[in-house]
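Undergrad: Spelled out from the first residue to the last, the chains are:
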Amino acid sequence: MRRRAGVGAIQKHRLEQEKYKEKGTEIQENQFQQMSKQLEVFRENLEDFASKHKSEIKKNAQFRRQFQEMCAAIGVDPLASGKGFWSVLGIGDFYYELGVQIVEVCLATNYKNGGLITLEELRSRLIASRGRAKKHQDITNEDLLAAVKKLRIFGNGFTVVPISKGKWLVQSVPGELNMDQTLVLQKASGLGTAWVSVSVLTSDLGWTEIRAENALNHMVREGLAWVDSQEPKETLYWFPSMFAECVSA
Amino acid sequence: MAEISWPWQYNFPPFFTIQPHTETRSKQLEAWEQLITDYLKATKQSTIDIREASNTPLFNNIEINRKLSQEAILTILEDMAKAGKAAPIDKSKNVWEVYWHSLDEWGNMIYNWACNNGFNNSVCTLFELREGDNTADQEFHNLDMNVLVKALKSLEAKGRCELMEFDDNQGVKFF
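Here the protein sequences come in this chain order: A and B. According to UniProt numbering, the residues represented by the first sequence are 1 to 249, in order. According to UniProt numbering, the residues represented by the second sequence are 1 to 175, in order.
Think of the hints as simulated: they come from the structure by calculation, not from any bench. The model shown is predicted, which means the values in this text are computed figures rather than measured ones. Don't take each hint at face value.
[To be verified] With a Cα cut of at most 20 angstroms, we get these calculated PhoX-like pairs of lysine-lysine:
1) B:K150 <-> B:K93
2) A:K233 <-> B:K41
3) A:K112 <-> B:K27
4) B:K41 <-> B:K91
5) B:K44 <-> B:K85
6) B:K173 <-> B:K85
[As the list claims (entries may be wrong)] Simulated coverage check for chain A against chain B, where a stretch passes if three residues somewhere in it have a Cβ under 8 angstroms from a Cβ of chain B:
7) 25–32
8) 224–230
9) 240–246
Ideal Cβ positions, reconstructed from N, Cα and C, are used throughout, including at glycine.
Excised from the complex, chain B in its bound form:
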């Protein structure tokens, strides 16, 4: 796992209790959102399952014996959702996708890559995009499949690509 540079708040015990004072809370949520994004980015993850998340080092600082409760995690994720930085996947809001780039940004990033590498008017499989040697140095390499599809769909809506399915495989054609 990549080294995380924990912010000072991570060792500040009350950081793990949602603050009652509005202004303090907004500072707290902002710091959490930054930390969550950085953490997921460093560990190449895109989803958080609230039911299990309380035990990951992100939300559980064993050294100071403090952890974020499920309700607190939900509060933070809902706040992130307001800014389009996260979205619940299931109806009970247990599993969340977190976007360290917005879907639009991901879409543009992939499209730029495709243009720069001469993939216009040709078809790539999603497998190639995620795990191919061509994308090894790209930020979207190994991106969560669901996020990748959503990003491409946002690109599709702009008329820059078309998603297609053949056999068991999904592909995309860039324009």
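Extracted from the complex, chain A is given alone in its bound form:
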């Protein structure tokens, strides 16, 4: 005789399910508590660490970078705010100070580069203007990029334009560069000539002549590029910010 599933069996099954579920949430909660406890401990340690090594962070560029990376990995931004716990550490101050110096260098070289400067030039000028002590000299590109990013709160007056791997330009004039203009800068930097032309852009980037002319003319109007009409073949557009003798002048 075939037996049908009884009510008892169904209830037993449901009870089991419920128990599993309960156990599951219990374990989950446990894990969550442990996790947050660990994270809390970690944060505390990190803050301890930061306050203990405050001066080291200010002085040592490599140490500073590693600390930054560590913070980024766990989602802590020691520069995020001047208030709160992190301000006690004064890590932000280092970058604020750097930011002011960056603005000064950009303004001082604006007359010759039209407000566009390579990160290398910015760095060497900055180092030259800072104190002689080792801790003043030890500024990495990462430090500069972090500081320039902080300057963004003043509007789009300061922007970083990536040119190629490990190469950046800092733009210190208001007015954002559009995609095409960024590509033009990348091309000029990639060729290493400090100039580009309509034919270079049409052949290398597959642009139409009008597109190339528009981008180039806009950069001339912004004071970023200089026109050279003495090349027999075609007009060349030069960027003083990439011209070696201008950089070292």
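With the hints as your guide, set chain B onto chain A.
TA: This is chain B only, laid out in the frame that chain A set:
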């Protein structure tokens, strides 16, 4: 010829094309004016003949194969004229005098020299001023004759000297 220390722009090819963008152009003109003044000072010249100037090293950088056109030179000189740093000599604006000091400054310089060396109330020939041993260490030594006369005339207008001519020679009496 004295060594010229060329600015970085001299090797920057577009420096030899007058720039269309106003701000860039004013930077360019400023750099050219400085360079022209320094060059003339170093080579002890005071005049530029636009018709020939395109071939001098000042306006023609053979190494990068760029030169400033006559119109471009004229543009720069006219800009200098606005600040009193240059003036055309002929009506067609081909020949220009460039003053690396203004005429007033030249005048004062000569007058100071005269006072310091006891030439008040005595007469010097212009030849003495330009080529005499007494002025060998002065900046106006070998100064272009026309510029010298103009500088002295500006001094004369202030009542500090009087230009005079005797025989074939020109002289000046300081007060």
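Undergrad: Between the stretch 25–32 of chain A and chain B, are there enough contacts, at least three residues with CB-CB distance under 8 angstroms, for the coverage claim to hold?
TA: It is violated: at least three residues are needed, and the stretch 25–32 of chain A offers just 0 whose Cβ sits closer than 8 angstroms to chain B.
Undergrad: Just to be careful, I want the Cα atoms of K112 of chain A and K27 of chain B compared with a cutoff of 20 angstroms; is the pair within it?
TA: Distance ~8 angstroms between K112 of chain A and K27 of chain B Cα, so the pair holds.
Undergrad: Taking beta carbons only, do three or more residues of the stretch 224–230 of chain A come closer than 8 angstroms to chain B?
TA: holds (count 5)
Undergrad: Is it true that the CA of K173 of chain B sits at most 20 angstroms from the CA of K85 of chain B?
TA: 27 angstroms, violated
Undergrad: Within 20 angstroms, alpha carbon to alpha carbon, are K41 of chain B and K91 of chain B?
TA: Roughly 25 angstroms between the alpha carbons, so the hint for K41 of chain B and K91 of chain B is violated.
Undergrad: Given the hinted pair K44 of chain B and K85 of chain B, is their Cα-Cα distance within 20 angstroms?
TA: Holds - the C-alpha atoms of K85 of chain B and K44 of chain B are around 16 angstroms apart, at most 20 angstroms.
Undergrad: Verify the coverage statement for the stretch 240–246 of chain A against chain B, using a C-beta to C-beta distance below 8 angstroms and requiring 3 or more qualifying residues.
TA: This one holds; 4 residues, not fewer than the three required, reach chain B with a Cβ under 8 angstroms.
Undergrad: Quickly compare the C-alpha distance for K150 of chain B and K93 of chain B to 20 angstroms and report which way the hint goes.
TA: 18 angstroms, holds
Undergrad: Need the status of pair K233 of chain A, K41 of chain B: alpha-carbon distance at most 20 angstroms?
TA: Measuring from Cα to Cα gives roughly 37 angstroms; hence the hint is violated.
The earlier numbered hints that this structure contradicts are 2, 4, 6, 7.
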